[in-house]
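These are the residues of each chain, in order.
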Amino acid sequence: DAGVIQSPRHEVTEMGQEVTLRCKPISGHNSLFWYRQTMMRGLELLIYFNNNVPIDDSGMPEDRFSAKMPNASFSTLKIQPSEPRDSAVYFCASSFDGGNTEAFFGQGTRLTVV
Amino acid sequence: GEDVEQSLFLSVREGDSSVINCTYTDSSSTYLYWYKQEPGAGLQLLTYIFSNMDMKQDQRLTVLLNKKDKHLSLRIADTQTGDSAIYFCAEISGGSYIPTFGRGTSLIVHP
Chain Y
1 DAGVIQSPRH EVTEMGQEVT LRCKPISGHN SLFWYRQTMM RGLELLIYFN
51 NNVPIDDSGM PEDRFSAKMP NASFSTLKIQ PSEPRDSAVY FCASSFDGGN
101 TEAFFGQGTR LTVV
Chain V
1 GEDVEQSLFL SVREGDSSVI NCTYTDSSST YLYWYKQEPG AGLQLLTYIF
51 SNMDMKQDQR LTVLLNKKDK HLSLRIADTQ TGDSAIYFCA EISGGSYIPT
101 FGRGTSLIVH P
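So the sequences go chain by chain: Y and V. No gaps in the numbering here: position 96 of the first sequence is 96 in my numbering, and each next residue is one more. No gaps in the numbering here: position 52 of the second sequence is 52 in my numbering, and each next residue is one more.
Please note: incorrect hints may appear among the correct ones.
[What the hints assert, rightly or not] Simulated crosslink set (DSBU-like; lysine-lysine; CA at most 30 Å straight-line): (1) K36(V) to K67(V); (2) K68(V) to K68(Y); (3) K56(V) to K36(V); (4) K67(V) to K56(V); (5) K70(V) to K36(V); (6) K56(V) to K68(V); (7) K36(V) to K24(Y); (8) K24(Y) to K68(Y); (9) K36(V) to K78(Y).
By construction, these hints were calculated from the structure, which means they are not laboratory data.
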């Protein structure tokens, strides 16, 4: 398996624009996580899906953020409208609910909102 | 809620041992993890320990768990420049599949 695949790797956009980040989890994994990493706040959990269903979205900052998982092999995180304070590295991770429940991370998307 | 704390920076000389410490608050933690993040990359699992163990050794890595004090440590023997990275402590509680991560400790290895 190629691991968790995120796209794009880098995104630069203007304030007010819509941004969509994409994630393909590892085949067979049934949990998917979106994290945001900044110097100030470290690694923050935004949303957790289990079997394609959002279970915990308490970390989603505000209504400008939305996430979907239409099937087991694809998820999106959308920011509309984007703001400079959304600039961060966004990680998608997936895991299987069994054993040591290791989370496998993608390479991340570095988002810069100017 | 659950909390995982770790110091932000550690600087060591090449060849010395590094010890990265972590404390957590959830007494029902089942698995505790150490992840490594190299520059420009995602986190990658380095090692983990089950809560009924107090030590795990894997080549240069030694994990110690003090469940009474809710303290986890990672010792890296003979630290190399390639070990320079951010190390994250994480835990999962019984019945949950959501890992809680610490802020990460930046390990700087100098010659």
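Enumerated hints in conflict with the structure, sorted upward: 2
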